[in-house]
Amino acid sequence: MSTALTPPADAAAPVRHRDAPAPGELLGAHYEYCFGCGGGQPHGLHLEARAGEGVSLTAEFTVTAAHQGAPGLAHGGVLATALDETLGSLNWLLRVIAVTGRLETDFVRPVPVDTVLFLEAEVTAVAGRKIYSRATGRIGGPEGPVAVRAEALFVEVKVDHFIDNGRPEEIQAAMADPDQVRRARAFEVNP
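In my numbering, the protein residues as written are 11 to 201.
Worth double-checking, as some hints may not be accurate.
[As the list claims (entries may be wrong)] So the derived label-pair ranges between C-beta atoms look like this:
#1 Gly82 with Ala23: 21 to 31 Å
#2 Val118 with Ala76: 15 to 25 Å
#3 Pro81 with Asp20: 42 to 52 Å
#4 Gly50 with Pro18: 38 to 48 Å
#5 Pro18 with Ala75: 36 to 46 Å
#6 Leu36 with Thr13: 30 to 40 Å
Don't read these hints as lab results, they were simulated from the structure. All residues carry an ideal CB built from backbone N, CA and C; glycine is no exception.
Based on the sequences and whatever the hints tell you, model everything.
Below, the structure is given as structure tokens:
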């Protein structure tokens, strides 16, 4: 782990927001066209995350033929995306808008096509706008062998980060959504 992913000595323990989804609750897609969790992406991951205890969650996604790199195996970039999406979903439990500042991924074993990747993630510390977290992906079940793991640093941002940098037609469509929760969630993770 790099020093950039080591929380400072004065970092605080994460605190689950009082309005965070209850443990076991499906978080759902934060944005319909998100490659990681949205249902509107035909070749996306369609990752499904559930709130856990404290500031943790579990998630799953099935590796399809569209996700392969080497014949019959998941592309490493797709696995890193699954970890990033899982880690980013943690911010919904804190009820903050944050983007990935740094992501370090370890690839431990190959992940074959048609495998379900079981992911666990937790926030480990918060220091100002910085959110430190880690995740593990397993194959063969939640207790199966570790295939991938990551540590990440997310940085809290204001919604203007997305409004000022996103493509105007998508920003306007998301802002026009009458569902207040979906509108807020559209801007919750990753630039």
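Here's how the hints hold up against the structure:
Take Gly82 and Ala23: their Cβ atoms lie about 42 Å apart, and the range 21 to 31 Å is violated. As the Cβ distance of Val118 to Ala76 is approximately 23 Å, the hint placing it in 15 to 25 Å holds. Range check, Pro81 to Asp20: Cβ separation about 49 Å, and the 42 to 52 Å hint holds. A hinted range of 38 to 48 Å for the beta carbons of Gly50 and Pro18 is consistent with their spacing of about 39 Å.
Hint check: Pro18 to Ala75, Cβ distance near 44 Å, so the stated range 36 to 46 Å holds. Against the hinted window of 30 to 40 Å, the Cβ-Cβ separation of Leu36 and Thr13 comes to about 36 Å, which satisfies the hint.
The structure fails hint 1 only (numbered hints given earlier).
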